[in-house]
Amino acid sequence: MNHSESSQSLSLEESAGYDRRILNYIQNAAAHGLYEIRGLGAKRRLPHFDDLVFLGSSLSRYPLEGYREKCTTKTILGTRYAKKPIELEMPITIAGMSFGSLSANVKEAIGLAATEAGTSTTTGDGGMTSEERLSSKTLIYQCLPSRYGFNPDDVRKADAIEIVIGQGAKPGGGGMLLGQKVNPRVAEMRTLPEGIDQRSACRHPDWTGPDDLTIKIQELRELTDWEKPIYVKIGASRTFNDVKLAVHAGADVIVVDGMQGGTAATQSVFIEHVGIPTLAAVRLAVEALEELDMKGKVQLIVSGGIRTGADVAKALAMGADAVSIGQAILMALGCNSETYIQNGTHHSAIADYNALGTAPGYCHHCHTGQCPVGVTTQDAMLEKRLEPHVGARRVKNYLQTLNMELTTIARACGKQNVHHLEREDLVALTIEAAAMARLPLAGTNWIPGWQTGSSF
Amino acid sequence: MDSVIFDLSQTSLREVNQFLHHGANGNPIKIINPDGAHNIAVGLHSPITVEIAGHVGYYAAGMNQLANVTIDGNAGTGVAENMMSGRVHVKGFASVSAGASAQGGLLVIDGNASLRCGISLKGGDIVVGGSVGSFSAFMAQAGRIVICGDAGDAIGDSLYEAVIYIRGTAKSLGADAQFEPMSDSDYQTVGELLAKAGFSHDSKDFKRIASAKRLYHWNADANQDY
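Note that the protein sequences, when read in sequence, are chains P and L. This note's numbering puts the first residue of the first sequence at 1, with every later residue one more than the last. This note's numbering puts the first residue of the second sequence at 1, with every later residue one more than the last.
Chain L extracted, bound-state conformation (with noise of 0.2 Å):
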């Protein structure tokens, strides 16, 4: 199928995305000349495919429902936030907030992913090529984020049912995370969240960073971690 393209120093970012929501017929779509612009492609909703070649700036494919969006550059802060469903591959580096709250779906991100990557995850599926930044999973609540390099500080701090993956070394864990060891479904999620990905790691490297849910109820004895 011939591809819609859509030049951004042509069109403008409304008319793009207005052709998104409700214009978009199967045919794959290209944006070109992105230019950093904030807001590509949020609030989709249908299975399109739409590449963007180019760098991209705040929530690029925000809010992502079923549509398959991919990034040959870098994105600014809040890649794929809240996403639903479907899949955003950053084909460079993530900004901050990489995927944050994201209810489901795949985000894809080659190389490394800044501070706070995949906070307040809601179910979503996060695989970074690279290493990610301190607070990475803050508060995260499920779903769950493989990284094949190592984490800032504080990864993982006050994570509810979420789990982290991680391959390389953490700087350090965040209030209440704890390292647990890798039962068989857990080296089995990671080789699939791989495969999907594209990264050839072996899961034997990975080592399972969860909650130790002594966050979970008030305590008076807690002190300082409220």
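Next comes chain P alone, as it looks inside the complex (with noise of 0.2 Å):
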């Protein structure tokens, strides 16, 4: 028999519901009797914005000029109660990260790229960290379950306060920080031994459901003296009632981050299994803003999965009031990238990806610590791989396309503010978008599992 024979005799029909996936998982469950834990967000395909488009203009609407006519794309958050709402030059924000997660030289790096781009970034569950505070100019401070480092002084230096409910990579769940990542300044801040493997609280301590959570909210503002917006953030999952209870808990503004957010470091079964998909969960959060008649009083802000200026234009022509970007942030500054840079030269990232049992392109290795360009990790040599204006530059940049990107759109659908985008400009490709967004497939009117008249 020759080899072409033999290899022709080989059966080679994969089982669909026993992949070569579902066999690794399962080889692995047996070896180590342990559950996978790993950084990003889900994985698994989901209906999403690229499953919308937008109609632009012709003869029923008229388009503005791209380059000549202004389209504004100034973002105000937080004007229910606070006498100090946050003003931002675009309705893209960057999301909660911890310190401790990522380097302090990422940290600075998000904070110099969203002061000079006019947006805000976030602290995480690691408490606030000098370089961030002084990079940024607005700069939301979280108030996390574990509440690691929670320093009223630092409640008074923020530009606003995020009490954070759940994230959309794990609703229900806690933080991680593995041990590796534990050195000396984050476990002082966190007051936590060095070098253990951290579980944050699911739970707050000191508060239990919505209505505990109005007595907390005015606690923060009595503290700041009513100045501050207070966000709430929600992983989505029931998201029509979370939304509904958190605005009559007196959140001034509400993130909610769907299934696609991600996170540093959780186990798999959690970020692929648990919440719902961003594109569900934005038209769920609308309708609850819009029941109570709170659209435009308490804005929204969407996080989980956005990528593409495309992304942000779809979130707001659905409703949202901004968006709130992590993962891509992190992509920007080099995660996944082959190379990292060190004096403006390019390195070779390739063997340490290896060295992780992974490749660029496919690397979710952030709860090891052991970033290949220096992202997410606090060892002392992996964390200069990324330098702190290099960073800004990346993210500045990429900000700043988004940015083009969805004031294209909002000039070729005729709106000289991006936030006049509408339900009205979308219309879905795929059957599960259509339902999930309550918009109509292209081409029809038809929404499926909605009916005239009826308000689910």
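It should be emphasised that the hints constitute simulated quantities derived from the structure, not laboratory data. Note that the structure is a prediction, hence the values are computed from the model and not measured. Among these hints, one or two may not hold up.
Said to hold, decoys possible - Per the computed footprint, the stretches of chain L lying under chain P, defined by three or more beta-carbons under 8 Å from a beta-carbon of chain P, are:
no., region
1, 34 to 46
2, 53 to 59
3, 196 to 206
Every residue, glycine too, gets a C-beta built ideally from N, C-alpha and C.
Combine both chains into one complex, guided by the hints.
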């Protein structure tokens, strides 16, 4: 028998239910007896903003000149109760990511970029670093269940407070920071022993439900003399009811984070199987605000898988006031790229990806602290691979690109203000997206699961 | 010095807190008719003395820095939560999450404290004259809790470096908590904290509970402890 006959005789019918990915999962579980922990967000294919398109203008709508006529992107958040609302140059903000999961260099780079682009950045589950406060003109301070490093002096230094109920990658779960990232500075900021595998709480220590949250929000307002906006961030799950409860509790701004949202370290079963897609969540959140007649009074920020200017435009058209970006900011900094930049020269990081058992384009090893491009690390050598000013330039370029794409679409839809984008500008390409976003399937007037006159 | 008196039945909470943040000049302050209001005296950040004559609601003296606050009554949820420094004294009973996540200062509760007393504690000291409810000191990271009475279920669950001293009995220990022998420095610590809090118990009657540190690192065999 020759070689070609031998290979033709192999049976290679792969099982749909037990494909190589599932076989690999079962065999890993059998070998280790412990679930996989990883970084970033859901990897599975989900209905998303890619499944929507804008209609643009023609005879029935009038466009704006792309390069001549103004299209404003100014965004104001926190107008409900705060004496000093947040004023931004663009509706694109930077999501909360902790010092601990990210290096101090990265926090500084992000702050510098946000300041130059005229937007806000957000602390994370590790307290506020001096680097990020100094570099960020507008800094949102998170109040998380763990309360690591939570400090009334930092509350007063912040421009707004974000009470984190949950995040899209793991609604109902707390954070994790594995021991290799708990270096002396991280340990001190979090009041923990160095090198332990740190598990953050998933519930706040001093309140348990929406009625308590009302009083907690009032406490933060009293502490800050009612100056600073209070955001409430929820992981997308029962979004319609959660948004209504957050409004009743007194939030100025609600942040809804869909299941594509990232994390520094979480069980992959959690990332892939808990929560709902951003596309469904944004529609539910907007409906909740509309039902309460609070649209425009309480602002909505949407996050979870926002990557492009088109994603931003679609979120705004569906009713969001702004978006928030985490993972794509890390990618702009160099996450998953083949090289890192030192003194203007590119150096290959491929061998370091390989040492982690992965390759550029596939890496989700944020939890290991061995980030080959120096983004999600506390290692003294690796963190030098991200030079703050290089990172800041790249993030600023990225934000600027998104904002230009956003205005390109808005002008094409005839809007002088990106906040004038509306649902009527959108149609869906798939039945799933049409049902989740409650938009007509392109070329039809069909919205699956919706009948005229019904509110649901 | 004459006291500055605020009557919460006549003056708004906002006005009182604004004064405590920016207007207090060192004279003692007395707040009357608190009537269980929430968020009284939150965010104080100067060494002033405040007496609240009556019961208070949630988060009384929350995030306190430097101030000395006495509550002549019972306290609601989260009294002195996230305290950084100073002293808060509840002369009655305290509801759930007393001293939650406190990073410094001393919280004294003359009566009992409810569930989750000292949850997430990060360096503050708490002395409870009576007993504490279940899940007290849950995930407490640093600081000391002295309990002159008993504790409910699961005391010290998932403790880090915080230490609990208990005079009475614990209904059950939480995951990874264990009784440990008292050292001379433990007796001294308890004696000092009792003295500061104004209690006259003998430190020899206290037992020490601390973390067994079995959950500090991932362990595939720990099963449901995670």
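Evaluated hints:
1. 34 to 46: With 5 residues closer than 8 Å to chain P, the region 34 to 46 of chain L meets the three-residue bar; holds.
2. 53 to 59: holds (count 3)
3. 196 to 206: As far as the region 196 to 206 of chain L goes, the hint is violated, because 0 residues have Cβ atoms under 8 Å from chain P.
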